[in-house]
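With these hints in hand, go ahead and build the complete structure from the sequences.
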Amino acid sequence: MTPLSKYEDLNEEELMRLYQDENDLDALGEMAILLLPKLASIARKRFSDKNLVDEAVQEAWIKVIKNAKSFQFGSKVKTWAYQIVNNTYLDLIRRESTRGYLSDDLAPLENKADNSAEFAENSVNSITLNAALLKIPRDQAEAVVLIFQDGCTYEEAGKILDVPAGTVKSRVNRAMPLLAEILRELDPRTWNQKHA
Amino acid sequence: MSEKDDFVEDLFRNLPKAPPMSELDLKRHEKMIRSHIAEMKIDQAKKEGSIYGRFQTQFQLAAGFLVVVGGISFATSQGIFDSKDDLVISMPTPEKPGSGSEAAEGVGQENSETSQTPKPKNPEGVEEFESGATNQSDIDKFINNTGLDYLSDIQKAKQLVKISSSPISISELSQAYGKCAIELGINEELLGIDKGKYDGTSVLAFYYGSSRSTASIWIVEKPCIKLENL
Numbered sequence: 001m002t003p004l005s006k007y008e009d010l011n012e013e014e015l016m017r018l019y020q021d022e023n024d025l026d027a028l029g030e031m032a033i034l035l036l037p038k039l040a041s042i043a044r045k046r047f048s049d050k051n052l053v054d055e056a057v058q059e060a061w062i063k064v065i066k067n068a069k070s071f072q073f074g075s076k077v078k079t080w081a082y083q084i085v086n087n088t089y090l091d092l093i094r095r096e097s098t099r100g101y102l103s104d105d106l107a108p109l110e111n112k113a114d115n116s117a118e119f120a121e122n123s124v125n126s127i128t129l130n131a132a133l134l135k136i137p138r139d140q141a142e143a144v145v146l147i148f149q150d151g152c153t154y155e156e157a158g159k160i161l162d163v164p165a166g167t168v169k170s171r172v173n174r175a176m177p178l179l180a181e182i183l184r185e186l187d188p189r190t191w192n193q194k195h196a
Numbered sequence: 001m002s003e004k005d006d007f008v009e010d011l012f013r014n015l016p017k018a019p020p021m022s023e024l025d026l027k028r029h030e031k032m033i034r035s036h037i038a039e040m041k042i043d044q045a046k047k048e049g050s051i052y053g054r055f056q057t058q059f060q061l062a063a064g065f066l067v068v069v070g071g072i073s074f075a076t077s078q079g080i081f082d083s084k085d086d087l088v089i090s091m092p093t094p095e096k097p098g099s100g101s102e103a104a105e106g107v108g109q110e111n112s113e114t115s116q117t118p119k120p121k122n123p124e125g126v127e128e129f130e131s132g133a134t135n136q137s138d139i140d141k142f143i144n145n146t147g148l149d150y151l152s153d154i155q156k157a158k159q160l161v162k163i164s165s166s167p168i169s170i171s172e173l174s175q176a177y178g179k180c181a182i183e184l185g186i187n188e189e190l191l192g193i194d195k196g197k198y199d200g201t202s203v204l205a206f207y208y209g210s211s212r213s214t215a216s217i218w219i220v221e222k223p224c225i226k227l228e229n230l
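Taken in sequence, the protein lines are chains A and B. For the first sequence, position 7 (counting from the first letter as 1) is numbered 7 according to our numbering, and the numbering increases by one without interruption. For the second sequence, position 191 (counting from the first letter as 1) is numbered 191 according to our numbering, and the numbering increases by one without interruption.
Any given hint could turn out to be false.
What the hints assert, rightly or not - Below, simulated DSSO-like cross-link-like pairs (lysine-lysine); rule was C-alpha separation at most 27 Å, straight line:
| id | chain 1 | residue 1 | chain 2 | residue 2 |
| --- | --- | --- | --- | --- |
| 1 | A | Lys-6 | B | Lys-41 |
| 2 | A | Lys-69 | B | Lys-46 |
| 3 | B | Lys-162 | B | Lys-195 |
| 4 | A | Lys-159 | A | Lys-169 |
| 5 | B | Lys-47 | B | Lys-226 |
| 6 | B | Lys-41 | A | Lys-63 |
| 7 | B | Lys-156 | B | Lys-47 |
| 8 | A | Lys-76 | A | Lys-38 |
| 9 | A | Lys-78 | B | Lys-47 |
| 10 | B | Lys-41 | A | Lys-66 |
| 11 | A | Lys-45 | B | Lys-17 |
| 12 | B | Lys-162 | B | Lys-27 |
Hints were generated in silico from the structure; no laboratory data involved.
So, in structure tokens, the structure goes:
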């Protein structure tokens, strides 16, 4: 599907402006479509499971559409969308944890271990880390994920979180010992391997 | 950050990542977004149309009531109803050809035929109700259900589908069809609709144009996602 020709040369900000000023729903749709590759790229850094990536992307564009009216010009639409994905990510892992994947989904992961022990270990690590992220304050979790999972600089993360880079750094510094402690409780095996 | 926290950082950095989203998946999301926007448009149109629609229905009811009451009182004043038996409608007599004959003729026809032809002599009310019923059955003729695949059987579909020789009124269509015609921008030149398929997917084909010979077709997937313009 190609963009509707009227909007072909417009960027996210211009499309957002059209939607906010003229209630142009097609412009809103085109803006969400324009953001799709970005949303998908962030989501794949956060999840190893293709289905979860798909779910995260869908949830993110729904939120983009739903919240577009409240977007404030002054920041970039992409940064704003990043914030949305960030929130969606933490919501999703919380929801996944209540679906019981921390226990039930370990079985399929163990099966995968037959093919790739490394993959299985990383997947278990992923699940454990996600569980740990839910146990620390949300602002700290957001900062940690942006810095270590997405590879943002403190400045980039600061823009996304709308706080100074120094604040991001202090959130990360507070989060790390907490995470280490929680991980030690959740998965002593990993802790012991690293500190043998 | 202390050294003992470094493993947390390593864990994050070594997490497995999903493969990049395929073009096909991106297209699927694109399609879902367009469908979502189409639904929002319909909701918006409903909100805008609801006050008008309610007013229009109430106005029609009130107008109909007034016409019926007015017609009866007019007929009564002209002595058309037999005073001895209210249920019998007396036909106008040749002895009284005056001003009441036109109205009497109109009422008589309506009663005996429940006809489908409009009554030009009584354009204020009776025609309005009757023409609605007449047009509805006419419109139904142009809602086809060939089930043919427009990717492979378009010529056959064009032969089988019944379309109007002149644009049909979308106000006589179901709301979903009408809204979709508006979205497609063909509400002024809609000639007919066919329920069929496109590459195996259930679709609606909206035939439109100024005349039968120049008709084009919009293929849309429900609720109103544009797939192809033929």
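Evaluated hints:
1. A:Lys-6 - B:Lys-41: Since the Cα atoms of Lys-6 of chain A and Lys-41 of chain B sit roughly 18 Å apart, the hinted pair holds (cutoff 27 Å).
2. A:Lys-69 - B:Lys-46: The given pair, whose Cα atoms are some 20 Å apart, holds under the 27 Å limit.
3. B:Lys-162 - B:Lys-195: holds (12 Å)
4. A:Lys-159 - A:Lys-169: Since the Cα atoms of Lys-159 of chain A and Lys-169 of chain A sit roughly 13 Å apart, the hinted pair holds (cutoff 27 Å).
5. B:Lys-47 - B:Lys-226: holds (23 Å)
6. B:Lys-41 - A:Lys-63: holds (17 Å)
7. B:Lys-156 - B:Lys-47: violated (40 Å)
8. A:Lys-76 - A:Lys-38: Holds: Lys-76 of chain A and Lys-38 of chain A sit about 13 Å apart, inside 27 Å.
9. A:Lys-78 - B:Lys-47: With Cα atoms ~31 Å apart, Lys-78 of chain A and Lys-47 of chain B exceed 27 Å; violated.
10. B:Lys-41 - A:Lys-66: Measuring from Cα to Cα gives roughly 14 Å; hence the hint holds.
11. A:Lys-45 - B:Lys-17: Cα-Cα ~5 Å, so holds.
12. B:Lys-162 - B:Lys-27: violated (34 Å)
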